[in-house]
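Undergrad: So the sequences go chain by chain: A, B, C and D. For the first sequence, the numbering used here begins at 115 and goes up steadily by one. For the second sequence, the numbering used here begins at 4 and goes up steadily by one. For the third sequence, the numbering used here begins at 426 and goes up steadily by one. For the fourth sequence, the numbering used here begins at 1243 and goes up steadily by one.
Do not take every clue at face value.
Simulated restraints on C-beta separations [stated by the list, open to error]:
1) D:I1245 <-> C:K696: 51 to 59 Å
2) B:E48 <-> D:S1305: 38 to 46 Å
3) C:G809 <-> B:L29: 44 to 52 Å
4) C:K503 <-> D:S1305: 48 to 56 Å
The list that follows gives simulated cross-link-like pairs (lysine-lysine, DSS-like), each with its CA atoms no further than 27 Å apart [stated by the list, open to error]:
5) C:K743 <-> B:K225
6) A:K226 <-> B:K171
7) D:K1559 <-> C:K545
8) B:K250 <-> C:K754
9) C:K443 <-> D:K1336
10) B:K352 <-> C:K743
11) C:K769 <-> B:K144
12) C:K545 <-> B:K352
13) C:K443 <-> B:K243
14) B:K352 <-> D:K1559
15) A:K226 <-> B:K144
Just so you know, these hints were derived from the structure itself, not from any lab. Where is the CB? At the ideal position from N, CA and C, for every residue including glycine.
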Amino acid sequence: GSNGGDSEGKDQEGYEIALVTDQGTISDKSFNQSAWEAVEEYGDKNDVTYKYYKPSSFDTAGYTQQIDNAVENGAKIIVCPGYKFATTIANLQEKYADVSFILIDATPADEKENAVEPTENVYCALYKEVQPGYLAGYAAVKEGYTKLGFMGGIALPAVINYGYGYLQGANDAAKELGINVEVKYTYTGTFNESPDIQSKASGWYNTGTEVIFACGGQICNSVFAAAEQTNKMTIGVDSDQKDASQTVLTSAMKGVKKTVADEIAAVYAGEFKGGVYTLDASSDYVGLSDDFSRFKKFTKNDYDKVFETVKNGSVKIISNDDVDENAQGDPSTKVLKDALTNVTVSYEK
Amino acid sequence: MKNKILLLLKKEGSKSFVSSLIAIALGLLFGFVIILIANPGDALEGLKLLLTGGFYRGAKSLGQVFYLAVPIMMTGLSVAFAFKCGEFNIGTPGQYIMGAFTAVFVALKCDFIPNSILWIVCIIAAGLAGALWAIIPGVLKAYRNVNVVISCIMCNYIGMLLVIEGIKATIYNPTGAESYSVPAEKAIPAFGLDKIFPDSNINFGIVIAILLCILAYIIMNKTTFGYELKACGYNPDAAKYAGMNEKKCIILSMAIAGFFSGVGGAIAYLSGTGKTLPISEVLPAEGFNGIPVALLGFNNPIGCIFAALFIGYINVGGNYMQSLNIAIEVIDIIVASIIYFSSFTLFIKMIFNKYKNKKQKSIEGGHES
Amino acid sequence: MSYAIEMLNITKEFPGIKANDNITLQVKQGEIHALLGENGAGKSTLMSILFGLYQPDEGLIKINGKEVKINNPNDANKYAIGMVHQHFKLVHNFTVLENIILGVEDSKFGLLKTNDARKKVMELSQKYHLNVDPDAYIEDITVGMQQRVEILKMLFRDNNILIFDEPTAVLTPQEIDELMHIMKGLIKEGKSIIFITHKLNEIKAVADRCTILRKGKYIDTVNVADVTKEELSEKMVGRKVNFNVEKSEPKLGDEVLKVENLSYRPKTGHKDILKNISFDVKRGEIVCIAGIDGNGQSELVYALTGMIPVQKGHIYLKGEEITKTSIRKRSDKGMAHIPEDRHKHGLVLDYSLAENMILRNYDKPEFQNHGFIRFDKMNTYADGLIEKFDVRSGEGGKSITRGMSGGNQQKAIIAREIDSQSDLLIAVQPTRGLDVGAIEFIHSQLVKHRDEGKAVLLVSLELDEVMNVSDRILVMYEGEIVADLNPKDIDVKELGLYMAGSKRGEGYEK
Amino acid sequence: MSIVYFLFAQTLLFAIPLLVVALGGMFSERSGVINIALEGIMILGGFFGVFFINFMQTNQIMSGQALLILALLVSGIVGGLFSLLHAFASIHLKADQTISGTALNLFAPAFGLFIAKTIQDGVQSVMFENQFRIVEVPILSQIPVLGDLFFKNCYLTTFIGIFILIISYVFLMKTKTGLRLRSCGENPQASDAAGISVYKMRYLGVVLSGFLAGMGGLIYILPISTEFNCNVAGYGFLALAVLIFGNWKPWRIAGAAFFFGATKTIAYTYTSIPFLAALSLPATAYKLIPYIATLILLAFTSKNSAAPRAEGEPFDKGKR
Ligand SMILES: Nc1ncnc2c1ncn2[C@@H]1O[C@H](COP(=O)(O)OP(=O)(O)OP(=O)(O)O)[C@@H](O)[C@H]1O
Ligand SMILES: Nc1ncnc2c1ncn2[C@@H]1O[C@H](COP(=O)(O)OP(=O)(O)OP(=O)(O)O)[C@@H](O)[C@H]1O
Ligand SMILES: [Mg+2]
Ligand SMILES: [Mg+2]
């Protein structure tokens, strides 16, 4: 049947594992997709029913409605990817105490943004996107690129962190090589592909940019298209995107899929434990994709070396939380600027 | 008996009503067939959900229907109103988003206004913003003869881009890369409606919307002003000959239409349901969805009320249908086909008339013999 | 003897009305056969049937004795039937040539070939002295020219049976004469013509025989030579009609309209359409602006009524200057206006008849309070006018104006404007396209208005009308007034000379 | 210099789909039928085109330019068939032409997504591999300037688009059928009296518009992405604007399309254009250019716009 869910007469009991998407879809090349893949795999492997729900309005009302819906359909586990669920979960976590929630990139908060303590049944996964970002930037420069680009979707903290990390990674690599690199930096203002982005990307490539880190759902489609047109390279994000295009050098990944898979398993193993978890290199939930075939200079052990330094925290990476609240992802804010000795950033606001 | 039917069919209004019922029936049938092909197993169950959806969880769902209906009711009214005045206002998305932004901005920034009246101020401000955004095409049409459709399309994009900048500059919430939402205490109060429709998101906005529709109806059909507007819509030259100011008419009708869209935006974002303005470069669907509403309502302000409620209703139903592996898009498919079939109205009416005439003849014939 | 065309017992019904009820029409080879009837009598419908635009419910059509089915204009064309429609069927932004060949173009691999067509058109135009310019755009040529294009269309298709539906309603006297000439020329070629008109002396002038319809029914077919105008009109209307307008001597009152050195030049134009015009109109007189179409009459009226701004000069209404005041103010001050183009200006065709009746005074207290229209008042008022001016329509005040006869549309406008009791009534070609009955009525209304001590400014192209109705004639030629005449002192011929610009009245010399 | 070539290429990228779709709209409106369904038709056409490509590529049945041409035909035909719905309602049933247009706009994306999800287990986006870019056309690319402008890393669709422009012009202005079609848009009563079947002509106009709009959908998506989500970002409506802007005339439509393409290109690549980058205005300022410029231009050119007279009026013999 459609929407996953193998409907061999299980419909009566409804669906045990539920995913409620945010604006994105289960093919948005972003956390909705990663999470969904995990749900599917687990469901199919262990023959558990699962399905996803798409809200009709993208506000607390809409999300609440779908969660009610899912519970009504017998959901034991509900995966909620995205910051937008913070308030909804805060409202519902007591009401549905016997349902396990897996909240990605968010922690419960009331509508005035004040954090709310997650209850036992709510697992909140936060990721240190600065780390994979850092690794991507580092690898790109070590590979020999000196003209880099970063295209974020919308300036969400997650996206910003990828970007900040990317800059600092590039910077450190440049320091080691004793060179100076240029990075073009922008937020496209959307998560969808569009001629505009394709145009912008080819613009960059045409004025020398060698590799663009496409960081925001489906905008990568347009960036890939531009790269193919100009025979330049790209860097994927969130999940391993090497199959999406030949131009993908590597992907800066965060283990949404892994998290969801692990936690679902935990629920069925009775080991599920709520709380806020910040996942990073140490628990290798983040990193570059483990296929290095498209690199020419940069090698697996180079990677392992730098990964180690990131893991053991010997390199300090500035993240969105360390800079001024209303910098809105600006890469040229004081703190960051000082750190970037060997990178000249040109920011297209 | 037969004559009763005839009398009923004679009435234009009831004719339209009957033919739109037929359209709805056809549309649902079509939707059903689609579901049947996609997913035979659950088709019947799905249809049931779709039809009962609005009551599926009793008053709560019904409240949801109202909640979903309000914005499109306003944009629909906006389109219908301009339409009666001879303009095709396809600029509702721009006017809607302008209104929405203004409302949220005022709500969050103008702390000096007491909450008790804040929402009223917001709604009025939003309406004015929408009106302003509709006046631009109006003026261009009146003084430079610029085609309203195209200037509206341009204004949509301009409005969207400006709003994005506005959000970033004023009410930007970095954690979500979007605007802050309007907190419940500043939202439109429910005045007890929430008691009638427990834990739904209904609020007084629905009442305002319906009142505005009625107001629009009165303006259109009962006042000299409406008489002027329609005259300008039908025949500007004659309007001029009659001493009306056709420029004024065009601009005013657009302004009023824009006002309605703006109010729609305000009510939607003042609902205290954590609705936030995105900074992504897409036009708000509620804007364009006004067109179907207007058409389904025969461009009649009162018709818009029912059209919007109907669409809201089957949207709620369709939502529950997701539980049955039926993609949510089926709702739009059904609405679309209903609108399409509603274009058969003329045709259906014609059949009525044929039928009517035949009957009458036979009756008269009967008398003679 | 055999007939070129026979339409036998034709019946055609439209929703709500029998447009043709068992009508028989027989046209001889080589004759001009007139078709006479009131507005809505069924003439156009009958002809539309012959031309294949409508299908008859009953009856049959024979051509040269053979029964035929005419399902569309192509069939009509096949049988060499052509028609000049009451409302021309021309594409405004096509050239004359394109309009003529439309539908019968010849082409090579789908690409248009116009050379042969052009040659043929030129020849025809020479032969019948139509002198049209094949490359002129329709929107740029006069109505008279446009009609010639319609005629050329028929000739180009080598039609032998030619239908003219009210061709003269829109023509100037000169053009009418020329048309009559052309028609005579055509029948010499052995063609047959069906000629619809409301003007009896035209019938007397050219037609051989005449068939009369009334309210969709066949009345009679007569040899024109054997009957008088009076007899014809009596058959048509069903009662005696009085042709010469009864009117007493004018009792002149004080001045109502005064115009001083009025000049107008359109924004884009390079020469003045109105050249410093001065005249006045007093209470109790009907002043008529005579002249050949296109000599500035329309512009003069637009200027007076405020529909176009003038560059120079002054207009006074009852002593007050109104040169710059709005249309609304002028009508409030007492200026009524029966416009030239009933569809463009006179009516909102999608409004009901009743709604149109208050088009000019919907905002007056009797029809609104606090901005709300008083529909009850509106309806009673409308019914009154419909009654008084005998405006015929399907459902009285409720009927949508678009569906009404132009004739009746016209009556509605006249009713509205006359009833407004304004001190000045500006009437532009008020009787265009009306049947004699209606004309008689309207003329009497104009006179009544004048006798009530109001002023009437009448613009007309019809010489009879000018001579019969007016107390004073102002002749316009190329944007100037060239004479101020008393109808009693001149005859039609002389008037014609003034209109043609070959004579100027005293006080108006160059 | 290379920057010029690049900008030109980008301009084409925006302009060609707009051009093709607007030309489609032209046929419909010149025959007297308003077609606001262009957006919807683009989507459905694009969807089936992409779907076709996806099928052919995954099953490795065929690939390359041949596939492209075939896919374009698929899109065109789907668009044509789809537009028949609009034609039927607005020509045969004499319905208000915005009604069925709106219905189609609403229907197309929903239907596309519905099919995609139903077939692909709830996944809405249809993937395709872009193997259609021509790195350089053998000999032609050697021509001095033109070579770089047109024949280096270009798309076949560019030439198809220009070809369509020329054909459209000849067909509309120079052929018998074109003449008849135009007459139906100006004065159908006249066409009818001249023995032309107004219905036939209007069907022709609408179906042509459907065919071109359908193609336009595919032309739009191919160069800019690697998957299709039943979304053409309002290009159907922009095409409508271009059509009006172009005053319903082929060459002026082309002009409008390129003007729009150029301004759009500037709006998104200004950083790559030295002197513009120097200005360092906020990005939004540039993004606004296409729309504001269009408005201003219209304000000065609209006084004598030549919309077909009978546009939007259902044809009925009775009416005079
Ligand atoms: N298309 C139509 N639909 C409905 N009724 C019509 C139509 N055309 C004509 N009629 C009816 O048939 C009657 C006769 O119409 P017709 O056009 O033949 O009158 P006519 O003799 O040409 O009048 P006129 O002198 O005004 O041209 C009209 O009164 C009208 O009510
Ligand atoms: N669309 C229509 N529906 C109904 N009746 C119509 C329609 N069009 C014309 N008629 C009828 O046809 C008859 C003649 O119409 P036509 O247009 O020939 O009149 P006209 O030429 O405009 O007026 P007149 O001949 O009196 O100057 C009228 O009686 C009118 O009622
Ligand atoms: Mg007639
Ligand atoms: Mg007539």
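Undergrad: So which of those numbered hints doesn't the model satisfy?
TA: 5, 7, 10, 12, 13 and 15
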